Amino acid sequence: MSTTGYNFAYLDEQTKRMIRRAILKAIAIPGYQVPFASREMPMPYGWGTGGVQVTAAIIGHDDVLKVIDQGSDDTTNAVSIRKFFAKTAGVATTTRTREATIIQTRHRIPEAPLREGQIIVYQVPIPEPLRFLEPRETETRRLHALNDYGLMHVKLYEDIARHGHIATTYAYPVQVAGRYVMDPSPIPKFDNPKMHMSPALQLFGAGREKRIYAVPPHTPVKSLDFDDHPFAVQHFDKPCALCGAERVYLDEVVLDDRGGRMFVCSDTDYCEERRAQGHAGAMAPDGARAQPGEAGHGR
Amino acid sequence: MAADDDLPLLSVRGLTKYYGDRLGCADVSFDLFEGEVLAIVGESGSGKSTLLSLLASELAATSGAVRYRFRDGVTRDLAALDEAERRHLLRTDWGFVRQDAREGLRMGVSAGGNVGERLMAVGARHYGDIRATALDWLGRVEIDAARVDDTPHGFSGGMRQRLQVARNLVTGPRLVFMDEPTSGLDVSVQARLLDLVRSLVRDMGLAVIIVTHDLAVARLLSHRIMVMRRGFVIEHGLADQVLDDPREAYTQLLVSSVLAA
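Residue numbers (the working numbering), protein chains in the order written: chain A, -19 to 279; chain B, 167 to 427.
Treat the hints with caution; some may be incorrect.
[To be verified] Computed list of chain A residues with no C-beta within reach of chain B, every gap over 10 Å:
(1) Val134
(2) Tyr137
(3) Phe206
(4) His215
[To be verified] Below, simulated EDC-like cross-link-like pairs (lysine to aspartate or glutamate); rule was C-alpha separation at most 16 Å, straight line:
(5) Lys67/A x Glu96/A
(6) Lys135/A x Asp406/B
(7) Lys135/A x Glu401/B
(8) Lys190/A x Asp139/A
(9) Lys169/A x Asp205/A
(10) Lys135/A x Asp231/A
The hints are simulated quantities; they were obtained by calculation from the structure and are not laboratory data.
Since this is a predicted model, take the numbers as computed values, not measurements.
In this text, a Cβ means the ideal position worked out from N, Cα and C, and glycines have one as well.
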């Protein structure tokens, strides 16, 4: 390993202890935003500095890391963070959800169900679900403390009044363990039900806003709604064009300038795995051959 | 129940507020009964807004006590309430109509959302019901139902004040504070708002404490008047009595300085 003179996983031990204390507190109070002394990281804010610090604080030699950005393992953000930890911690990396022990994610929860022992780390841009309703931090803290969440429903009310339905499609507010209302980070609301009673530990890191929060395993997570406008996830008319998967979250890919488009799994690992198993969608290449993944599997 | 009605709704004793060395208001005592409208009049800086903030427990008093009879019939000292109880009281049993509608409304939220906010804050979770109630209240304050999804940005001053009234009364409060609700409105709009407030007060049996520098407003709405000057209450009595037969020289001056139309 070429990291002589550097600490394992980039952060110094004191910083890791500080972050771990924040994580422990966050786990003890599900959904509560714990302030922490966020460090400068060698990447700009908005690129996952919070998630990287959480991952750096919890990662060990034996961990296997997967990093996704919008469900994909091979976008810039995912590749650079994966390389960062391969270099600073020398840990094994993977693109396979099932093989990973830590999954750092931006904007998605993998399609393959998470299992006990896995940790999913979310990169969070704005941790405060009430932020756009109440700009004062002192006031939002008070609202959380007093369990005073009527304002959140005002936002949903406005959605229905303007659009006829709850038009919030990502960062959809949830109530954790019947107490704190939490921003699940900008994941599509399609993924919200996956948080409910998940056997995996869910950690959220916001670097610029200096907050960490968590959902412990097997914790109820309820998406807020109205009695007569119940929470519902997005529905796609067609299955994935490459692997034929249904009931998964799809990305729209524009093919030409004449309206041609296809819908494919946003979770690239899930799509590849299905194609390797022989599933094929309407626009799959002939023979449905498994395409070699861009990123290497493990090291 | 009948026995309860004989007890005051709000009971104020020796209420005093100092801002450092400077006096806000001193030694104010009165009782307010259900359905009663009390006007606090005085010139700018006489301490009437300070007094209103103290009564609404937005400011902590230097000394003295405000006691309120809750719906369960028990009279409690407001200073002893915790923050959660105080907020609950403010949005269920009380209302506060502010001079500047931008303080009392959520300007980025539609009229319907503004009216519905209190309902949602106390646990209403049925969109259809909330909207129906909001529409009903917009009708009662004479705002066109077609404006229910517009934000108050596009509302005139009078409409904003009426929306504030609706937003505050939607939970059926028993006590409403009003801080100069008509100032900044032109005369015909003022008259319409006063008319509306008067009929709502009568229909709902509201107790109101209204702060105003406009004696005409006080005469039109209130049963009793308190005149304040330099932080002290200098005269207190029935509205007509104070206005028609003022005892204090200062009150006489106030009454005589009203411009005849």
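Restraint status (C-alpha distance of lysine 190/A to aspartate 139/A at most 16 Å): Given pair lysine 190/A, aspartate 139/A is violated - Cα atoms ~29 Å apart, limit 16 Å.
Status of the stated non-contact between histidine 215/A and chain B (beta carbon gap over 10 Å): Since the minimum Cβ distance to chain B is about 21 Å, histidine 215/A lies beyond 10 Å and the statement holds.
Beyond 10 Å from each Cβ of chain B, as asserted for phenylalanine 206/A: The claim is violated: phenylalanine 206/A sits with its nearest Cβ about 4 Å from chain B, within 10 Å.
Restraint status (C-alpha distance of lysine 169/A to aspartate 205/A at most 16 Å): holds (12 Å)
Restraint check for lysine 135/A with aspartate 406/B, where alpha carbons must lie at most 16 Å apart: violated (47 Å)
Claimed clearance of chain B by tyrosine 137/A, with the beta carbon kept past 10 Å: Violated, since 5 Å does not exceed 10 Å.
Lysine 135/A paired with aspartate 231/A [C-alpha distance capped at 16 Å]: violated (27 Å)
Assertion that valine 134/A lies outside the chain B interface [Cβ separation over 10 Å]: Label violated. Min Cβ-Cβ 5 Å, cutoff 10 Å.
Hint consistency between lysine 135/A and glutamate 401/B [alpha-carbon to alpha-carbon, up to 16 Å]: violated (47 Å)
Satisfaction of hint between glutamate 96/A and lysine 67/A, Cα-Cα up to 16 Å: violated (27 Å)
Checked against the numbered hints given earlier, the structure breaks hints 1, 2, 3, 5, 6, 7, 8, 10 and satisfies all the rest.
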